Amino acid sequence: MREFAALFHDLDSLTKTNDRLDRLVQYFKDAPGEDSIWVCWFLSGNRIKGAVKTGELRNFIAARANLPVWLIEECHDRVGDLAETISLLAGSKSKKSNLGLNDTIRKYLLPLRGQDTQERKVLLERTWDHLSADEMLPFHKLLTGGFRMGVSKGNLCKALARVGNVEPAVISQRIAGNWTCDDLTMQEILNPVGENEGRGKPFPFCLASPLQEDPGTLGEVVDWQVEWKWDGIRAQLLTTTAGGGMLWSRGEESIAESFPELLECIPYLPAGTCLDGEILAWGREGLRSFSRLQKRLGRKNPSSTIQKKEPVCFQAYDLLRMNGEDLRSLSMLERRAKLEFLMQGLPEHLPLRISPEVNEKTWSDLGKRREESRERGVEGFMLKRKNSKYESGRIKGAWYKWKVDPFLADMVVVSAQLGHGKRANLYSDYSLAVWNESGELVTVAKAYSGLTNEEIEKVDKFVRKNITGKFGPVRSVKPKLVFEIAFEGVQASGRHKSGVALRFPRIHRWRNDKKIEDADHLSTIRGFAGMNEKGKLGDGTKIDSAGNLLLF
Amino acid sequence: MKNEVLELRREGIFCPAGGFYIDPRGKVDRALITHAHSDHGRPGHNSYLCSDTCKSLLKIRIGKDAVVESLPFGEKIKIGNSLVSFHPAGHILGSAQIRVEVNGRVWVVSGDYKPQEDQTCEPFELVKCNGFITECTFGLPVYRWLPEEKIHQQINEWWLENKQDDKPSLLFSYSLGKAQRVLAGLRKEIGSIYVHSAVYPFLEHYEQAGIKLPQVMKIERGKEYDFNGSIIIAPPAVEDSTWTRKFRSARKGFASGWMAIRGARRRRNLDRGFILSDHADWNGLIDVIKGTGAEEIKVTHGNGDALTRYLGEQGMNCSILSGASIRGEEEE
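Chains as they are written, first to last, in our numbering: chain A, 1 to 552; chain B, 1 to 332.
By construction, these hints were calculated from the structure, which means they are not laboratory data. It cannot be assumed that every hint is accurate.
What the hints assert, rightly or not - DSSO-like, lysine-lysine: derived pairs with alpha carbons at most 30 Å apart:
| # | chain 1 | residue 1 | chain 2 | residue 2 |
| --- | --- | --- | --- | --- |
| 1 | B | Lys252 | A | Lys458 |
| 2 | B | Lys188 | A | Lys29 |
| 3 | B | Lys2 | A | Lys470 |
| 4 | A | Lys107 | A | Lys95 |
| 5 | B | Lys128 | B | Lys167 |
| 6 | B | Lys163 | A | Lys95 |
Quick caveat, the model's predicted, so the values are computed rather than measured.
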């Protein structure tokens, strides 16, 4: 545990990505495999679930520190991180522990699962007596599950690639998906030879960068494959060489159980095939809104009723493997040709479609077509360079998303909350309001991102001086600040007093030049979605048969 | 607040029996000053009274020509119908708690204080009283300080490590009090010590008061220096200024109680935070407040809500000094 604690604190204090990478490589070279594998597992985004509840942890530490529970909550608010709060309050008595990471997890962490509260308390008390001051925070990070240490999965793969002298893409595939430290070893991850494709793992997804320049700077239109940018869930649908099949989300979670109808396509696809595409809500009338798809999310083994009511399809736009052959180094053009050929041969009743190409002769013609986006329920265009390979991650120049311009509205900050992590102890999360018909400010959104660090500090100072009330962790503030908020759509909502909620709200800029009287009205926001004053839908709005407001 | 000894006026805490203010704002006739930090000792008043060791430091803040009288610690004088004395607060050199007695009732205004040890100032003295006005900069139990020699050791190890990497160590610390405390703990055999020009003027007054500080060099504008391997002490206010640009290769640290929380350090993009504070930590606040034996506690400075509620639940008569200046949390 000492080596791991040292790694944790070093990564925490190193500010440059390369230094962190070097430090991680050093750890993997020095640490025993039984410890390293846990680091791989955690940095892959896994967490130990059900070890302890947040409320229990607060109660235990309150009892240990002899403090009231409300004071623990105040501390948590200030610190902005539960693991750190507990570490600061637990008060280490031990100088050094001699257990390794694997032993610590197996002795102190895993046994917490399935215990009752009293047993957990006893076990945690013992753990706190045992851990040294430096080990407290890393341990509690593992316990509460917020373990990232600013190392992305991509950087983890890079570090492992350097240790094992294996391609990062190969590493990435080996540690993808669901696995535990009992069924994968460091030797397997770092093996310079060997192929894992039989296990049905996804490939690292190729990601698009937002197009910030004029599309004309990209060169000739004919060099680009243009598709609509679908608003669904990115996924890979694949068949293994052994004849099985899997469905993976972009977060590399297996989502097959949520979409059994998509797995019905498996027997029709050649063995060793991997399709990249988007899961969409798709009824008899065609594409449905993302809010329809949300009814299927997180729901495992859906009933046949819901499968009928909320049907989905897999819209394929890339072919990464066929007949066990990795096609990722072929050009987009060649992969597209193979994809079209494959799709033509499939029976029509399958919930499987191909993402159509949009062909226009000039960028300006494309620009005009892009204006159809909201009408069509898509987010704009995807631009894929025809001669590009299928890359891992976000490689500039290969794929771009050319999104429609967001909606914009001026809103007033009416309350604020302390942020987390880097923004702990800074009022950086804001509730935003617009004027309603009776001249009241009603909240329509919460936004966290979009301001520069200097601006956040300024807003924080303003908030501290202008607090008008406290509601748990939320501080209402004197209405004064006006932000321009960008958002992608409007949905009816019972959560906000205004009756609407915004999709992807973020701060576009701080309107220092505007007074609160200049902020927008609720009617304007409703107008974006075509709603009338009562929050009911007016004429000409798009609504589906189940009463869902269509977003665009 | 209004009691038989003190009341709160627009300019600050006032003693009607003595006709004086403590750490006032604006312009008043008689100002008693707890210590020489700029949010306590402000310029513009007609006359000042402070502790002997505070006097020369205060004059740097408020100007040479200001009328400043001083008293040795512990000596009682009569002002009007009140009896006044200064007692060490352990915050910085010359910092005092001010004890005011009227008709046998005693109130103590703490200013800022710290019961923890500090070799660069007079040690904190616990003063019994009926009413106590306490600061509350670090009023949550997550703030707990380690002994200062531990922190000095951390700073020296960090400096040595940076020196071995041939890099300068740029350590931000407030120019009065913290900077001298940091300097006093540095092992001068590691390398050269430089200070920013805002830190320098205070040093001679520390030496005159008998505080041992290592030999330092003042960084002058326009001169060239080789900073590799050396440590530079500068106030945090210059962190984002052009001055700091010449230390691009430096490792940067900050010595402050705020560094107890990771977010505070990470937000500033610092390499290291050293948890060294001139204020009482949570346990320090509780021990002192209980130790004074006061029947009434008033809390000022910082976020006093948690401390007030906590002491209230323990049956103490404790409340926020409403209307008093609530200082920004950044300052220390």
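Next on the checklist: Run through the hints listed earlier and report the numbers of any the structure violates, in increasing order.
Outcome noted: Of the numbered hints, 2, 5 do not hold.
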